[in-house]
Every structure is written in C-alpha cells, then in structure tokens.
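Protein chains in written order, with our numbering: chain A, 1053 to 1309; chain B, 125 to 321; chain C, 5 to 211; chain D, 25 to 305.
Heads up, some of the hints might be wrong.
Stated by the list, open to error - Computed list of lysine-lysine pairs in DSS-like fashion (alpha-carbon distance at most 27 angstroms, straight line):
hint : chain 1 : residue 1 : chain 2 : residue 2
1    : D       : Lys128    : C       : Lys96
2    : A       : Lys1301   : D       : Lys217
3    : D       : Lys187    : D       : Lys175
4    : C       : Lys7      : B       : Lys206
5    : D       : Lys260    : C       : Lys159
6    : C       : Lys28     : A       : Lys1308
7    : C       : Lys28     : D       : Lys217
8    : C       : Lys103    : D       : Lys175
9    : D       : Lys217    : A       : Lys1308
10   : A       : Lys1176   : C       : Lys69
11   : A       : Lys1176   : C       : Lys7
12   : C       : Lys7      : A       : Lys1267
13   : D       : Lys135    : C       : Lys103
14   : A       : Lys1173   : C       : Lys69
15   : B       : Lys185    : D       : Lys187
16   : B       : Lys206    : A       : Lys1176
17   : B       : Lys207    : C       : Lys7
18   : D       : Lys138    : D       : Lys175
19   : C       : Lys96     : D       : Lys175
20   : D       : Lys138    : D       : Lys193
21   : B       : Lys206    : A       : Lys1173
22   : A       : Lys1308   : D       : Lys67
23   : A       : Lys1176   : B       : Lys207
24   : C       : Lys69     : B       : Lys206
25   : C       : Lys103    : D       : Lys128
26   : B       : Lys270    : A       : Lys1267
27   : D       : Lys187    : C       : Lys28
28   : C       : Lys7      : A       : Lys1173
29   : A       : Lys1308   : D       : Lys193
30   : C       : Lys96     : D       : Lys135
Calculated directly from the structure, the hints in this document are not laboratory data.
In this text the structure is predicted, and so the values were computed from the model without any measurement.
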Amino acid sequence: MVAGKQATFVIFILFLALLVYYMMRARSGKLPFIRRIPGLDAIEEAVGRATELGRPVFYVPGRTEINTAGAAQTIAGLEILEHVAKLTARYDTDLKVGVAAANVYPVADAIVRQSYLEEGKPEKVRPEMVQFLSNEQFAFAAACLSIMNQDQSASVILIGEFQAESMMLAEGAAMVGAVTIAGTSRTFQIPFFVAACDYTLIGEEMFAGGAYLSKDPGKTANLAAQDIGKIFAFLYILIGSLLVTIGYKWPVEWLKR
Amino acid sequence: MTTAITWAGAICTIAIYSFLWKENRLFRAFQNLYVGLAAGYGIILAVRIVQRQVWNPLTTKGDYSVLIPTILGILLYARFSKKWAWVARLPMAFLMGIGAALSMKAIESDFVRQIQATLIPWNSFNNIIVVFGTILSLSYFFFTLKPRPALDNMARVGRWVLMVSFGAAFGNAVQGRLSLLIAQMQFMLRDWLHLIK
Amino acid sequence: MRKEVPIAIGFIVGILILFEYFLKGLWPGVAPAAQTVQNWGTIISAFAMGLAAANLVVIHSRRIKQRHPDAWMSFLLFAGMVLMVISGLSGKGGERLYKFLFDGLYLPLGTAMFSIMVFFIASAARRAFRARNIDGVLLLVSGLIVMMGNAPVGKLISPYFPVLTDWLMKYPNVAGNRAIIIGAALGMVATGFRVIAGIDRSYFGGE
Amino acid sequence: MRALKKFAEVDRRYLYLLLLIVVIVPLVKPLGIPIDVSSSTMKFVNAVDSLQPGDRMLLVFDYSIGGGPDVDPQAQVVMAHALSKGAKVVCVAFVDTGLQYATKAIEFWEKRGKVYGEDMINLGYAAGAETAVSAFAQDIRAVFPTDVRGKRLDEYPIMQGIKNAGDFKLIAEFATGIPGPAEWIRQVQTRYKVPLACGVVAVMGPQNEPYLQSGQLVGLLGGGLKSAAEYEIAVKMPGAATAAMDAQSLGHVAIVLFVILGNIVFIIEKSEEKSKKPTRK
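This is chain A alone, in the form it adopts within the complex (with noise of 0.2 angstroms):
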C-alpha cells in the first residue's frame, strides 16, 4: 500500500460498497426518492422548444478527451446527449452536436446513432448531427459560433468540461435568442455558465443527468450512495474541525495516513 494513501484507499473502496449495495438495492426494486433539478428538467422543454420552432437543437458533450482525468465529465455529457437524442429523435426534431475531441467523436456518433435506432428512426441521422469541429479549443469555439448563428439554433445544451470557450459558448448562444442549458463541474467555468445560461447544472448536478433523466434503476442508486458520501464529507469536515479546535489533531492525522 503507497504511504500517504491508506485512508483514501480504505475512503475509496468503502464508497465503492456503497454504490454496489446501493445498485443491488435497486436492482430488487427500492429506488430512491430524487429532488427535482430544474436544470435537467428544463431539457425536455428546450427540445420541445426546438420542435415548435422548427430550429435544431445544438449540443456540445465538452471538449475534454475520452483517455483523460476529464473523462466522466464527458461521460456525464454523453449520458446526458443519449436522452437528448432520444428525444429529437421522437419528436423529428433537428439535432446537432458539435465534438471537439477526436476520441470523444466515434462515441459520441454511436450513441446518436444508437438512440435513433432505438426509437426505430434510423433513417433520420444524418452525417452532419454528429460533427467533429476542431481540437483546437478556440477554432471549436468559432465553429460553433457559426453553426448557432446559421441554423438559429431554437435551444444549446453544453454539457461536459468546458474551458474558457465557455462564454463564448453560453453568450453567443444567447445572442441568438436560445434557450441554454449548461453544466460542468471544472469550477471556475460554472460562474460564467451561471451568469449567461437559463438554466445551470453545477457540479455533482451533471452526473446526476443520467440517472435522472433515464431513470435507470443502476445510475439511480449512484446518486443515493454518492448522498452517502456526501453526508460523510459533511460530517467529518463539522465533526473533524470541533476536534480540530478542542486540540485533537487525529481527524486530520488519519486522512494524512
């Protein structure tokens, strides 16, 4: 076992129970209540929008690579794409999404794809839905400046890890009249998409996307076991820092372990 790193290991596979005794929970049917979470629920209405005005929706899944730490944020934004397609695909609406990672776009293109099938529409996708604009963060960000403004996208979802294209993303979007929905969890972008979006998924929201809006039973009991970790956290930092001040140093000891 690396020094340093015991208590994180003993932390990491007890939260890993977690989420498996959780899964097996749901799997034998007890689901968890989950709290409303406008951001996700405001989806549906700006795919809705979209179909009234007859204008595509424009999604972008971050702009981070499949291989790197950024990785489950981009999961997050696929999950999140997966229903978004899901429902463009009922109700023919137009749908784009604009990738900037060169591995995120095969995955990206399957779920699109896989979505549409799933609706029994596959003769609907198109080789334009699932674009791969640029690599390069500030070419991506101009290309998609240029699809909203040609297509007037009716509704822009960014969902994933964003960098400082964010703004341009989030108020460009808004400039042309749409109705945006973002989230990340790379903490200094979720100012701007606050400042400049409807509606924000901040942090932990966006990987609660897939469980919400799917309504899997596995991702479900993710979201109550992560509660759990949660709870600890709260916990340990009140309880912790009391023993801190009244001269205790082990809470913190212990986490150093």
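Assemble chains B, C and D onto chain A, guided by the hints.
Relative to the frame of chain A, chains B, C and D by itself:
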C-alpha cells in the same frame, strides 16, 4: 516574411473582430480556414506521435508491443463497415477504461484532500466561514434526501455561498480576459500600426 | 461477445491504473504496465484524429456537392488542412510556408478569438448581473467588489476594494468551490465505476 | 425615466466600441496608476528566492496560444528571476503550443549569454496531457530520451542526477487549462512531495486558491497578467505586464458601468410594472 506574418495576423484579427458587429461571411470564411489549419495541425501531431511512439520503437528497438495499440487504433475505422462496426468498440473501451480510472483518482485530490484542508480550528471568523460555507454549500447537492425545513434552509444558505463565490470568480475573470484584449491590441498597435513602442 | 469483450478490456485497463495508484507496492511491475497502457491510449487517440479528420472531409464534401452558398469556404478549409499537413511534415522544404501558416494565421486566429471573449463578458455583465432576488444580489455585489478590487484603479477609489476582494477570493470562494469539488469528485468516481464495471453499456452502441 | 432606460438599453455594439476605446487609449498614452503586490504572489516570489545557485527548477509551459498573453509574462519573469538567482531551469511542455513559448524563452536567454545545456534546457513537448505528466514524473528519460535539439539528456551537465520529478528543488507550472495545477498536484506533488508553484490565467485563480491554502501549492500567480505585473514589481524587473495595467483599470471600470446600466434597465422595468399593476384592477 515578418511583414507578411504581421499583415496576415492583422487581417485575421479584423476578420474575427467583425463577428462582434454581426455574424458575417468574412468571419465564417476565416473560421473555416482556422478549422482547416487546426485539423492539419492535429494531423501533424498525430503523425508525430505515431512516428515517435510506434515507428521508432518498432524499427530501432524491435519493440513489437506497440503493434497492439496500432491495431486497436486501426480498429476504430471498423465503424465504416456494417458487419464489423462492433470491433470499433474495443479501442473505445480501452480509452474509456483509462479515462474512467483517471477520473476516479479524484477521490484523493478532490475528496480526501479537500476534506482534510477544511479541518481547521474554529478560532477565527474566516475559518468559520470556510468550514461552514463548505458544508452548507455541500448540503445544496443532496439529491436523495426528502425535503425537510432544516435541510432546505441549509441548502438555501449554501446556495448563497455559491452565488457569492460565483460572483467573485466572474469578477476575477474580467481581468484575465481584458489582458487578452490588451495583448491583441498591443499587437495591432505596436507590430502592425507602429503606434506604440 | 460483442458486449463482453469491450467491457472486459475497459475493466482490465481501469483496474490496472487504479491498482498502480493505490497498491503499487504489492506488485512492482504494475507501474510500467500502467504507464504502457496510458501510452497506448495516446497512440490510439492519434488514430482517432484520422477518423475526426475524415468526418470533416465528409461533411464539407457534402456541402460542396450540395452547392451550399458557403461551399467555397469548405475549399478554404481543405486548403488550410492540406497545406498545413504538407508543409508541416515536409521538413526543410516546407519550413517557410509552415511558419507563415502557423505564425501568420493559426496563432493570430487563436489569440483574436480568445481576445474577443471580454466582449461576451461585457454583454453578459449587462444582461445577467441584475438584482432580481437574493441570489442575484449576492452575485452582483461580490462580482462588482472583485472587479473593482482587481483593477489598480479600485484602490484609488477605496482601499477596501482590494482587501475585500482578497477576502472574498480566500474564504467564501474557497468554501463554495470546495463544496463543488467534493461533490463532483463523488460523481466522477461513481461515473468511472459504472464504466469500468461495465454497468453502462450504452456507449458501445447496444448490440 | 424613459430616456434613461433607452440610454441604458443601448445596442451592445456601442458598449463594445467603448470598451475597445478605453483599452486602446491608455496603451498609447499611459496614466501610471500604482500597483500593489498580493500575498499569494509574494509566496511564489519567496519560493523562487529560496533557490540556491545550482539548484534545478522545472519550468512547465502548459499553455495554449489563447492563454499565452495572460500567462507567458508570468513564466518570463519567473524564469528571469530564477536565472538571476543562479538556479538552472529545465523547460518542458505538456500542451503542444507551450513548446513555442519555451523555445522563444530559451532563445531569448541564449542571446543574453546563458548557456544551453548548463543554465537551461528545453526538453520538448509530450502529448497525452495528464498521462504524459504522470509518465514524465516517474521517469524523465522514458518520455524524453533526448531534448528538442536531439541529444541524449545525459550529455547535458544540467541533467546530471535528475531522474524523476522528485529531483527538482521547485516546479513552476504555468497553465491555461489541462494539464494544470490539479493534474500536477494529483500526479506529481502528491507522489514526490516537490514544492509546486503555479501560474494560471485569472479565471483559474480562484479555483486553485484552495490548493494554496492546503499547502499543495507553495505559490500561486492566480491573476494572469496582473500577477505578472505584481511579480515584476516585487523583483524589480518591470516589463510588458506592468505597462498594460492602466488599460486593465479602465477596462474594469467600463464593465462595472455595463453592470450598472443593466441594473438601471431592471429597476426602471420593475417600477413600471408596479405602476401598471393598479390600472389592471
């Protein structure tokens, strides 16, 4: 050569800035050029990776293990065949396995270490702000707890802390974004128009 | 087979990397193995770039075929791509052209795009920073304080601006960000776990 | 009231024009507003100050073209400061465009008499972001068998005894995205316990503040160009960053003005709504 580069840079700048007036064909034309250049650059980098990490080990060291990722990489193209499309999942799964595992390392830096850093004594107003600000904001993210007045109030105060922090971060960003405008204007005024030194 | 093999690959790769991270003392050979696997990831991604470029070519060829009013721009895109690749890979011969494309076009296009960001911020500032409710007021007030505190001129108006800015960035901002980071970390682990354990199969396009 | 509202609702293009003017004017004609040095900048300065002659510092150019204007002045002044202390600087990039900046910096110092391979070296760029950082930290020669000039690392005196990331006295990392401080902390600082100091674009500053407080970073230049200007002032090497600060000031004032305009519109709309309501009844 330097003059050509400066002039080209100035024209690019003007084309991009024209978007601020209105989305227009000049902007779109340069946007397409930019995408093309970026794709070209991406291909160059990819070729260099293959050269350095596949070709060189193979030819100089006789390291045949690099053929595994090469084959996996080629399998990505199987998606163009209806019958064999599924084998493209193999490299994708390989990449996602890496990404998923790397993401999971967040348990240390983003979970344990952040909790650890918040274990500070309640001996100053600032420390209390950090400790309680953190846990109240955390309570905003409870998804599966049934609503209760106490919890709702905590989450509301947590949301306020988040808003203060978003406002501050937004305000802070102005500075960095202004620097970029300043740098671009320095280029236009100094290198192109020679108005400043 | 079509599902199990990809899932097994993802599982093995993921476990290897996590094993190296937490338990490398147990098996010294794991570090180079984990490293090799990650290097292979880079190589596979390099091949994905070809796929991505192919998508660009397909889409823009269609645009040209359909005689889209902007079709000529697609030629521009192809020209940029081809010239960049040829000049970049041809070594000495293409050096001058490459330098021109890179320093004269690629670089300034990037910096120009990034530098217009502040205008987007400006319009968002007018549109979104409104005192609609308590949330809006908090966003607005802390934003204005930091903007004034960050500009050297703010200090001339009031010496409290930089002090308050520093305080906002060091305490409330740290608290808010920390909560987001802690929560998101759990989301990342849970999502990563679902991928490695093969619980989410949708990425692999079903059957 | 109506006139005021009309004024506040002015087309955004006029605001853009105003912003452009207030940035350009002070660049042509500086005003000379004074600059203060923040404590997180001072921590970075002290970390570099504590280097002894002969100590090796790793300088990481993880920045994109777009973020360059904000971060490059930071890297420049830190490199100048380290070299002035007699420290030796090993440059490396994990963002492709970072290599261009590293090359420029090396050329700059070669012209000023520093010896390549002794005082400084440019290892080059490694693709793979976090993966590459992790591999580099474990074994530098596995990722960079040679430097950018194509010679084996062992041929350079500066690389003697440097095997992994733990052999540096200080790592100064400059980033505009990924890999950035989070990745370097995760892959390098947590494992090798080397002092790590980071410079980032202003947007990334607040997010990385917790790392400074938790001690995972020994210094942070979190304010982009402004931090560079502070650093220049602190080490008495005024440069390009210091010159741009007046434009910064006026730009900020302009954006504050836009926020106020937005609120004027909002307040007037709200009061109009209120005065309308009774008539509806």
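Structure-based check of all given hints:
A C-alpha spacing of about 20 angstroms is found between Lys128/D and Lys96/C, which places the hinted pair at or below 27 angstroms, so the restraint holds. Taken as a hint, the Lys1301/A and Lys217/D pair is honoured in the structure, with Cα atoms around 22 angstroms apart against an allowance of 27 angstroms. Restraint check for Lys187/D and Lys175/D: satisfied, since their Cα atoms lie roughly 16 angstroms apart, inside the 27 angstroms limit. With a CA separation close to 16 angstroms, the supplied pair Lys7/C and Lys206/B stays within the 27 angstroms bound.
Simply put, Lys260/D and Lys159/C have alpha-carbon atoms about 21 angstroms apart, close enough for the 27 angstroms limit, and the pair holds. A hinted pair counts as satisfied when its Cα atoms are at most 27 angstroms apart, and Lys28/C with Lys1308/A qualifies at roughly 18 angstroms. At most 27 angstroms may separate the alpha-carbon atoms for a hinted pair to count; Lys28/C and Lys217/D meet this at roughly 17 angstroms. Among the hinted pairs, Lys103/C with Lys175/D is consistent with the structure: their alpha-carbon atoms are about 24 angstroms apart, no more than 27 angstroms.
For the given pair, Lys217/D sits about 13 angstroms from Lys1308/A by alpha-carbon distance, which is consistent with the 27 angstroms threshold. Restraint check for Lys1176/A and Lys69/C: satisfied, since their Cα atoms lie roughly 20 angstroms apart, inside the 27 angstroms limit. Using a Cα cut-off of 27 angstroms, the hinted pair Lys1176/A and Lys7/C holds, with the two alpha carbons roughly 26 angstroms apart. A hinted pair counts as satisfied when its Cα atoms are at most 27 angstroms apart, and Lys7/C with Lys1267/A qualifies at roughly 22 angstroms.
Under the criterion of a C-alpha separation no larger than 27 angstroms, the hint pairing Lys135/D with Lys103/C is consistent with the structure, at around 21 angstroms. Under the criterion of a C-alpha separation no larger than 27 angstroms, the hint pairing Lys1173/A with Lys69/C is consistent with the structure, at around 25 angstroms. The straight-line distance between the Cα atoms of Lys185/B and Lys187/D is roughly 22 angstroms, inside the 27 angstroms bound, and the hint therefore holds. Taking the CA atoms of Lys206/B and Lys1176/A, the gap is about 17 angstroms. The hint holds against a cut of 27 angstroms.
Pair hint Lys207/B plus Lys7/C holds up; C-alpha atoms about 15 angstroms apart against a cutoff of 27 angstroms. With a CA separation close to 19 angstroms, the supplied pair Lys138/D and Lys175/D stays within the 27 angstroms bound. About 20 angstroms separates the Cα atoms of Lys96/C and Lys175/D, which keeps this hinted pair within 27 angstroms; it holds. Distance check on the hinted pair: Lys138/D and Lys193/D sit about 20 angstroms apart at the alpha-carbon level, within 27 angstroms; holds.
Annotation: proposed proximity of Lys206/B to Lys1173/A holds, straight-line Cα distance about 17 angstroms (limit 27 angstroms). With a C-alpha separation of about 24 angstroms, the suggested pairing of Lys1308/A with Lys67/D holds against the 27 angstroms cut-off. Distance hint between Lys1176/A and Lys207/B is fulfilled; the C-alpha atoms sit about 20 angstroms from each other, no more than 27 angstroms. At most 27 angstroms may separate the alpha-carbon atoms for a hinted pair to count; Lys69/C and Lys206/B meet this at roughly 25 angstroms.
For a cut-off of 27 angstroms, the pair hint linking Lys103/C to Lys128/D stands: about 14 angstroms separates their Cα positions. Between Lys270/B and Lys1267/A the alpha-carbon distance is near 18 angstroms, which keeps this suggested pair within the 27 angstroms criterion. Distance check on the hinted pair: Lys187/D and Lys28/C sit about 19 angstroms apart at the alpha-carbon level, within 27 angstroms; holds. At roughly 23 angstroms between alpha-carbon atoms, Lys7/C and Lys1173/A fall within 27 angstroms of each other, so this suggested pair holds.
Of the pairs offered as hints, the one joining Lys1308/A and Lys193/D holds, with about 23 angstroms between alpha carbons and a cut-off of 27 angstroms not exceeded. Restraint check for Lys96/C and Lys135/D: satisfied, since their Cα atoms lie roughly 24 angstroms apart, inside the 27 angstroms limit.
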